[in-house]
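Colleague: Sequence:
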Amino acid sequence: MTATKRRTNLTLDESLLQSARAHGLNISAIAEEALGQAVRRAEAEAWARDNADALAERRAHVDRQGLALDRHRLWQAE
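Residue numbering for the sequence shown follows my numbering, beginning at 3 and increasing consecutively.
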């Protein structure tokens, strides 16, 4: 499935833009990839913030009770 593309304007450093064009770089593809990475990072950070309390509660539970199947491990943590 191909995503719908939409035209937009970017303001870029002129010398950087000229250099990218001179090297035949696909500026749109590079911008799209970088934006995708930034969005994924922002979403992961938002998820971590939104779930911080639940994660802390789970860690505290494991600290108090240990892991449920810990006794079945074939190795022992140091």
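Rather than coming from a laboratory, the hints here were simulated on the basis of the structure.
Worth double-checking, as some hints may not be accurate.
Per label pair, the in silico range of CB-to-CB distance [stated by the list, open to error]:
#1 His63 <-> Ala22: 21 to 31 Å
#2 Thr4 <-> Arg42: 12 to 22 Å
#3 Arg61 <-> Gly38: 25 to 35 Å
Think of the CB as a built atom: it goes at the ideal place given N, C-alpha and C, for glycine as much as any other residue.
Colleague: Give a verdict on every hint.
Modeller: Verification of the supplied hints:
1. His63 <-> Ala22: 21 to 31 Å: Since His63 and Ala22 have Cβ atoms about 51 Å apart, the given range 21 to 31 Å is violated.
2. Thr4 <-> Arg42: 12 to 22 Å: With Cβ atoms ~19 Å apart, the hint holds.
3. Arg61 <-> Gly38: 25 to 35 Å: holds, 31 Å
Checked against the numbered hints above, the structure breaks only hint 1 and satisfies the rest.
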